[in-house]
Each structure stands twice: as C-alpha cells, then as structure tokens.
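Colleague: If you want the building blocks of each chain, they are given just below.
2 protein chains.
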Amino acid sequence: MDERTILLDALRQRRSIRKFTDEALTNDEILAVLEAGRWAPSGMNNQPWRFLVLRSGDERCEALAGLTKYSHVLRGGDTLFVVLLDKAAMYSPRKDYQGAGACIQNMLLAIHGLGLGAVWLGEIINQEAEVLPALGLDADAYELMTVIVAGHPAQKGSSDRKPLSELLLEKI
Amino acid sequence: MDERTILLDALRQRRSIRKFTDEALTNDEILAVLEAGRWAPSGMNNQPWRFLVLRSGDERCEALAGLTKYSHVLRGGDTLFVVLLDKAAMYSPRKDYQGAGACIQNMLLAIHGLGLGAVWLGEIINQEAEVLPALGLDADAYELMTVIVAGHPAQKGSSDRKPLSELLLEKI
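Chains as they are written, first to last, in our numbering: chain A, 111 to 282; chain B, 111 to 282.
Since the hints were made in silico from the structure, they are not lab data. Yeah, the Cβ is synthetic: ideal placement off N, Cα and C, and Gly gets one too. A hint or two may mislead.
Unchecked claim - Some but not every residue of chain B turned toward chain A, in silico, with C-beta under 10 angstroms:
{"#": "1", "residue": "I116"}
{"#": "2", "residue": "I140"}
{"#": "3", "residue": "A142"}
{"#": "4", "residue": "E145"}
{"#": "5", "residue": "A146"}
{"#": "6", "residue": "V192"}
{"#": "7", "residue": "Y207"}
{"#": "8", "residue": "G211"}
{"#": "9", "residue": "I214"}
{"#": "10", "residue": "M217"}
{"#": "11", "residue": "A244"}
{"#": "12", "residue": "L247"}
{"#": "13", "residue": "Q265"}
{"#": "14", "residue": "S269"}
{"#": "15", "residue": "R271"}
{"#": "16", "residue": "K272"}
Next up, chain A with everything else stripped away, as it sits in the complex:
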C-alpha cells in the first residue's frame, strides 16, 4: 500500500475500543500518543491542551472509575490520558473546544496507528466538578476535555456513520 492509502484507511478504520488485554503500554507508546496530541492545530496556535497520564495501579484511576457510568471500561484500560484545557491559555471556548477535539483525534489516531485501542470518554466530563478535585487539580485553572482509556485491544470495535448524502447540504 502507498502512503496515501495507509493514512486515508486509518482515518476511516479507527474505532472505539472498550475491551482490553492486561498488556501495558510502553513509555515509548505513551510518548508517541502525547507527541501526536502536541502537534494538533489550534486557533492562534495557542495550544491550550494539557495532559495528565495515569498508569494502571495509580489510585487516581479508581477515583475516576467512581465518577463515570463507564467504570468497567475505565478499569479495563491500561493507561488513562486525561486531556484538559488550561483556562489561562484559552481565547475562545468554541475554538478551544474544537482544538481539543483535534488534539484528542490526533491521539486516538496515534493509538490506532500503534496497534493499540482506546475510547474517548465524553460522559465523564459531566462530572467535571468532581473529577478535577479527585485529580488534585484546581477547577479554576483547568477544564476537563476527556479521559482517553487506552490499552491493547481485546475486540475489533464496530460502528457506522450516516451516508455522505445526508451530510452534504448540496450535491457536489
């Protein structure tokens, strides 16, 4: 396969993974995921994202598991990538949330590219007011964007999408 095919396939074929083996991520893998997030685009290149990495066994993982209805998924993962916005670095909520989304997507794609799996937990940010103190973080300083649960996949994952015809406001 040529380079273009490999990239376009990855964009289409990445899926949420919610079941994991016990195998741990290596430090190199964790760094590669963070590196991908770091290079995401942001408005005014303000790079408002901040990262906290929790490895299996960190007692804060269990605290987070108590703050989501997806505790079984969170407990099954090896590594949690907590993605936050630094409020002091933000300039527009709408654009900074978009930037966070680009950052998270880069991280998910890197995880996929490494042969690992992950799920973007959205529901847990509903409990932001409890999650930040559980992580020892000042709620005045950070906004919680997601917790990415990552590990070695124990399932293939499946999903579907609306056909392009429903997304296009005009035929091309």
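Assemble the complex: chain A is given as a structure, and chain B must be docked to it using the hints.
Modeller: What follows is chain B alone, placed relative to chain A:
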C-alpha cells in the same frame, strides 16, 4: 517505512498551507476528504457535522472572501470545505464543538495525505451571522465551525509547538 511510521509522521508533519497553485482538486480528492470527515468520532455518535463544498468560481467564494480578514488566502485556494453543525443534531455544545474539531482534523489529515494543502480558518466564524446568510443558510438551523481552504500547495508551511514538558501536568 512501515504503516505505523507513516501515520505517526503525518500527525506530526501536517502544517497549515496558505499559498496554493492554480491546480484544481479532483472530485475523487474532494470525496476522500469528506469521507475522512464523515468517519470522525462524535459523542453518542450523533455526527452533527454538515458539509458544503464550494469550488473555484462559485460566486459564494467571493462573498466569503468579503467576510474574513484572510480574504487573500481564501481567494488563493481552489476548494472551500464549509463545516457546520446541524443544531437539530447537537446534544452538548462543548462535546459537539470537540466533535467538529475531530472532524476538521480528519479532513486536514486527509488533505495532507493526498499531497494537497489546507488551512483551517478560525477567524471567519467570528462573522458567522453574516456568513450563514451569504451561503443561503438559516442561522437558526446551523452553526459555522470553519471554512477549510484547500488546494495544491505552493509552500511547505512551518510552525512550532510547546515542548511536551510544558504540556504535561506531571512527569511520566
């Protein structure tokens, strides 16, 4: 290069491109970009994004050029990908903006992977109240997320990012 290297390199090496040649995008390229956006993840898989594609010569391109301080960039591109949220499909502004960011990033990565170039215009959404009517769109029905200006690159692009040590809240 192996598949992992190709994907990780693309995530790091994509840059904003603001100067373009006159060469047009093919229909297949435009479809590949939309396909990448379509497969982005979204909260509850609600897929709130909608697309409008404006080709060079469409009079609406010139209308948009009058609504951004980056008119020279917009006029230089071949194809505009207008990304919107369908308000009726939204469920949480913060999560839907994140999803839009993931969608836009997938589109930018596809453009990069195709050997094309693009820039994510953020500033133009400040003029959303004028942009939507200029596109014939109901401002009660849609939110403008960005206009991606795409074409064949006439520059390499350059940028930088904060070191990982400034983004990590704790050493890993």
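Colleague: Each of the hints needs a verdict: does it hold here or not?
Modeller: The hints, checked one at a time:
1. At a threshold of 10 angstroms, the smallest CB-CB gap from I116/B to chain A is about 5 angstroms, leaving the interface hint in force.
2. Interface restraint check: I140/B against chain A, minimum CB-CB distance 6 angstroms, threshold 10 angstroms, status holds.
3. About 6 angstroms separates the beta-carbon of A142/B from the nearest beta-carbon of chain A, less than 10 angstroms, and the hint is met.
4. A distance limit of 10 angstroms between C-beta atoms decides the matter here; for E145/B the minimum to chain A is near 6 angstroms, and the interface restraint holds.
5. Taking 10 angstroms as the C-beta cut-off, the interface hint given for A146/B holds, the closest approach to chain A being about 4 angstroms.
6. A distance limit of 10 angstroms between C-beta atoms decides the matter here; for V192/B the minimum to chain A is near 8 angstroms, and the interface restraint holds.
7. Checking Y207/B against chain A by beta carbon gives a least distance of about 4 angstroms; that is within 10 angstroms, so the hint holds.
8. The restraint placing G211/B at the interface with chain A holds, with a minimum CB-CB distance near 3 angstroms, inside the 10 angstroms limit.
9. With a cut of 10 angstroms, the hint placing I214/B at the interface with chain A holds, because the nearest CB-to-CB distance is about 7 angstroms.
10. Checking M217/B against chain A: minimum C-beta separation of about 9 angstroms stays under 10 angstroms; hint holds.
11. Restraint check, A244/B versus chain A: the minimum CB separation of about 14 angstroms is more than 10 angstroms; hint violated.
12. Taking 10 angstroms as the C-beta contact cut-off toward chain A, the hint placing L247/B at the interface holds, the least distance being around 7 angstroms.
13. With a cut of 10 angstroms, the hint placing Q265/B at the interface with chain A is violated, because the nearest CB-to-CB distance is about 16 angstroms.
14. Satisfaction of the interface hint for S269/B is found here, the shortest Cβ-Cβ separation to chain A being roughly 7 angstroms, below the 10 angstroms cut-off.
15. Nearest Cβ of chain A to the Cβ of R271/B: about 5 angstroms, under the 10 angstroms cut. The hint holds.
16. At a threshold of 10 angstroms, the smallest CB-CB gap from K272/B to chain A is about 5 angstroms, leaving the interface hint in force.
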